[in-house]
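Undergrad: Single-letter residue listing:
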Amino acid sequence: MIQLGELALQLALPISLFGAAFAFFGGAKRRGDWVLAGELTVYAVFFLLLLTSAGIVVAFLTDRFDYWYVANYSNRELDTYFKVSGLWAGQRGSLVFWVLLLSLFSVIATFSNRLKNREFMPYVVGVLLTVTGFFLLVLLFADVNPFEKLPFAPADGRGLNPQLQNYWMTIHPPTLYLGFTAFTVPFAFAVSALLNGRLDSRWIVITRRWILLSWFFLANGIIFGMRWAYEELGWGGFWFWDPVENASLLPWLTATAFLHSIQIQENRGMLKVWNMGLVVTTFLLTIFATFLTRSGLIESVHTFAENTKIAFIFLGFMGVVAAACIMLIVWRKPLLKSEHQIESYLSRESAFLFNNVLFLGAAFAVMFGTLFPLITEGITGQTITVGPPYFNKINLPLGLGLLALMGIGPVIGWRKASRRNLVKNFRMPIVVGLLVAVGFYLAGARHGMALVTFGLSAFVMTIIIVEFVKGTKARSRIEGEGHVVAFLHLVGRNRRRWGGYIVHVGVVLVFTAFAGSAFDRELITTLEPGDSVTIESPLGHEYELTYQGLSSERGNNLAARITALMDVSQDGKPIGTMTAEKRLYLTWEAPVTEVGIRSKFLEDLYLILESVRDLNGAFLNDAKAQRATFEVQVNMLVGWIWYGGLVITLGGLITMWPSRGPQTSSTQEDPRRSSASPTI
Amino acid sequence: MKSNFRFLAAIGGVSLVVGYLIWTGVTETMTYYLTPIELINRVEEDPTFHQVGVKVSGRLEKGSWSRDSDELLHYFTVADLEDESVRFSVEYRDILPDTFNDQELQDVVLEGRFREDGVFDATVVLTKCGSRYEATPEELVGDYIE
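Sequence lines, in order, name chains A and B.
In this text, residue positions in the first sequence follow this note's numbering: the first is 384, and each later residue adds one.
In this text, residue positions in the second sequence follow this note's numbering: the first is 2, and each later residue adds one.
Mixed in with the good hints there might be a few duds.
[Unchecked claim] As a list, the in silico DSSO-like pairs of lysine-lysine whose alpha-carbon atoms are at most 30 Å apart:
#1 A:807 to A:856
#2 A:799 to A:856
#3 A:807 to A:716
#4 A:692 to B:129
#5 B:63 to A:776
#6 A:776 to B:129
Hints in this document: simulated from the structure, not taken from any laboratory.
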């Protein structure tokens, strides 16, 4: 099975390149049979990559430590669950997994378009197979073959990094990879449109759901990553502006910009070159992210490998793609002319435009900061880094600008908003926003930026709620339906618009959570059993934690699980216990911290067992070795990130859900109607 | 033409703001990333460099770690990766990472300030343990022969 997988990997490369050639030439020469051959290749490559992946998984499950990759990422006692996820635990496996997902999406795109959109398909298939071929080339020729064998068979593997032995870590990378690879499909359609000259909104309409799907997975992947960091890194934070985190954020930022700017093209026939630029940029950033995550180019807590050959291959590929796309866009410039122009700053077009510039500005700033050490080293020979303060300083104002636009964009009129439109739609939300900010100030919150965020969040929420209420009432009146039915029909009839609003609600929750972290409390203390520590929540109540002592036990794949037990009471009333651990893994020299979290709606009590004075004594359950140092935190509103993530998921599913009836396409709507137009 | 101008003016305006934010962000938060040798040369040339926050990557000296009785003040020695005679003591008042271990050769990254008394006052200590994440086949062979 393993050897079959290796053989399949070697076969997949020439087959995908032949398929790409067939598809491109078939498209150029209008030879249907050649194109069909290319399309069949897509299925064949997917089958081969399934065999390859199965081969790797089997190697993990059967403890074949004579394979370098398995020896480095597994050991006998590792949970079966984590052995399967070994497929994406390291660079080599994740490249296979990446190309498998791309191949899966290629199959779906090819199959669902076997009878329609035929004018696009030859080049779409050609592009998809070319990208597949590139990754296969990397796998086979850049010293990253997952089937590389060791000259001998070790008795056991070196084990998986304990920080990766976490539920969220098994689903975070696949989700991100789904987002990265799904974006190749809209990119392929865009290139195809450039090649065949069909440069109206057709390619966007076809790939709209793909764009949403990719965005949806990226957003979820990023939130899963935050959740992992919060639970596993044991610092009480969820985002560190680490190069790898930034790399996954970049395509999300440009994809979000793209998602909004395509609506201007669909409604007003503008920004065609811009959109082409964005789709190409986002695709390149997905490749960049894949490459940065697994190349070790920049130091990072997440990057687990170093290989410079692969860096040059990736950069070369990105350069070639960028150059080819720029040439195509320049060649097709006459067909990409704008049908309208922006008439006023006070218009939805302009709101979308500012939205785009802010997203791209944020993306540029993040990219610049991430690459800053490389840039300075290249220019001056001296490495200079910028840290989290840089990223926070820049992204805070940009994020607040975007938050404000999230309220303005959906209700401002197209072309040129009337004074009446502005007063009618914005008076009440502005009042509510101001009241909320003042209310929090009076309640004792003294953090300027957090107050602005709370106020803007309330402003946006009011606008969205008013929109839902107005829509439901109107429908209920016209159709004579009850309010609940009217609400469901309203959302169902224009999923793209109302689903988009629900996504916005989720984003507001996440923003509010970020602002909440301004009020976090923390303290560090060393305790003996019986000692207590108190920490006051910003909400006014007080937690008291009483240390009960340590206990040590053997666990699966663990030499020891050393658990500290705390009794917790709130304002003198016992509310339960909390534990925090140090784990000694069989395959890992350093102890690993596992935090304890008590989540409530508004705040988390977060307990870190920082260090045990006498770890060996504690390991042997010595009653005298109980002295330990703890960090206790009260983290405000962290839970709202996860709730916001769920709301984003719900809204995203609504926007993507296939409709049975004729889809209310925004292109059929009259853009001159002042406030009722779709928004993603 | 007038509208195109609006369009460009809007982009230009926001770009300027972003550019300004990047500029101030970089100048206010940038940190030199140095080796111990570079750091010591630098402060000799320019004593005001004692006040500047820097990032240093060096090697933790075996057995050099000790801590104060309140358990949160740590002392250890860091040497240059290439020339081990270039070294300085480090003081650090916070929690050390799990992977910090002075019983074996370990590379560490420090952030902080090199004080006038020749002690590095660290605010951040990170350990580099790349070799523990992934070993080359040769290293792996070495591991098992040990």
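Undergrad: Each hint should be assessed against the structure and marked as holding or not.
TA: Status of each hint after checking the structure:
| no. | hint | in the structure |
| --- | --- | --- |
| 1 | A:807 to A:856 | holds (17 Å) |
| 2 | A:799 to A:856 | holds (27 Å) |
| 3 | A:807 to A:716 | violated (41 Å) |
| 4 | A:692 to B:129 | holds (22 Å) |
| 5 | B:63 to A:776 | violated (39 Å) |
| 6 | A:776 to B:129 | holds (27 Å) |
Of the numbered hints stated above, those contradicted by the structure are hints 3 and 5, listed in ascending order.
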